[in-house]
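Peer 1: Chain A is already provided as a structure; the job is to place chain B on it using the hints.
Protein chains: 2
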Amino acid sequence: MSILSADALRQLFDEARTHNLFTAEPVPDHLLRQLYELMKWGPTSANCSPARIVFVKSPQAKARLAPCMSEGNRAKTLQAPVNAIIGMDMAFYDKLPELFPHNQAARSWFEGKPDLIATTALRNSSLQGGYFILAARAVGLDCGPMSGFDADAANAAFFAGTSVKVNFICNLGHGDPAGLFPRSPRLSFEQACGIV
Amino acid sequence: MSILSADALRQLFDEARTHNLFTAEPVPDHLLRQLYELMKWGPTSANCSPARIVFVKSPQAKARLAPCMSEGNRAKTLQAPVNAIIGMDMAFYDKLPELFPHNQAARSWFEGKPDLIATTALRNSSLQGGYFILAARAVGLDCGPMSGFDADAANAAFFAGTSVKVNFICNLGHGDPAGLFPRSPRLSFEQACGIV
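These protein sequence lines map, in sequence, to chains A and B. According to the UniProt record's numbering, numbering within the first sequence proceeds without interruption in unit steps and concludes at 196. According to the UniProt record's numbering, numbering within the second sequence proceeds without interruption in unit steps and concludes at 196.
Isolated chain A, as found in the complex:
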């Protein structure tokens, strides 16, 4: 494998920004499918793949989501063409016989172990959240991920009667640079990393 083009690296990493305002350009459903068909290949432990995604597009669904958002996130959530609710299936281990077919005992590693289930679901659905954000950018979409919402309200509004809980929410669309904040700094290599 060789390094991706400088343009591709910029689109995925260096020049990608968290957007707060989106243009009116719609996001067709086939692009959301393409996004998932890419992100699904990202690795998870024992291929457990706990992420579940609800793409909120209709005015009716947006009206259910808006009251769950924190004050500072509400207007931009309503304004974005799509809001992706990244959930995690707390019964993800029920799918292991399908997802990890070479070891039919994998389900038993988790069953009845709530702490391990919670940690595994959060770690792996968040890893998949990272794949989601970069896959969205790879298909030409801009992202606005958010943790500022009432999780209990969002669970009641979108996941009632299921084993799925919300992890985070990510606005999607074509970003309008007019809504960008100045870019915040990052830790240097020396602050964050070591080679031993």
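Source of the hints: derived by calculation from the structure; they are not laboratory data. One or more of the hints may lead you astray.
What the hints assert, rightly or not - Below, simulated DSSO-like cross-link-like pairs (lysine-lysine); rule was C-alpha separation at most 27 Å, straight line:
1) A:113 to B:113
2) A:113 to B:165
3) B:165 to A:165
4) A:165 to B:62
Peer 2: Relative to the frame of chain A, chain B by itself:
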């Protein structure tokens, strides 16, 4: 933004695999720096950036890591040119005055709230783990991420006396296809997603 080239999408997603065996081709330090300089731009909540990474390369450091690995992961960890220990700084909020400079109150959102700290550290360092894996692939490296190790032993061996805890470990190098397992299936769009 337009969609990345088919080659780039294949390298990042469709054709990327979890590798268990690596060629003897070394991984120079400048490539690890380039990896970090890309992944650092990925978004985290309040830019909290909790991931801390130790790149294990020397025989001495590998000898410290090997006993921490589960039996099934030990040989391949020793064989890989680099093992990246992806940690999370449980005192990440102490860096918020630097990382989130426009709101000097951000540190107080977390201080003294251990449950919120633990969830925020795990969610965001795992998101960064997703950026890490895709940035590694973007610079032409193959990955072998693992959760099978003794976390207490790894913390004692690499993070003693610090506020960092291990999240997961990822082997890095140039994959040898001879070590690949058959690819496991993924959930369909209909199983994992909905559009409302």
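Peer 1: For every hint, state whether the structure bears it out.
Peer 2: Consistency of the hints with the structure:
| no. | hint | verdict |
| --- | --- | --- |
| 1 | A:113 to B:113 | holds, 24 Å |
| 2 | A:113 to B:165 | holds, 21 Å |
| 3 | B:165 to A:165 | holds, 25 Å |
| 4 | A:165 to B:62 | violated, 38 Å |
The structure does not agree with numbered hint 4 stated previously, though it agrees with all others.
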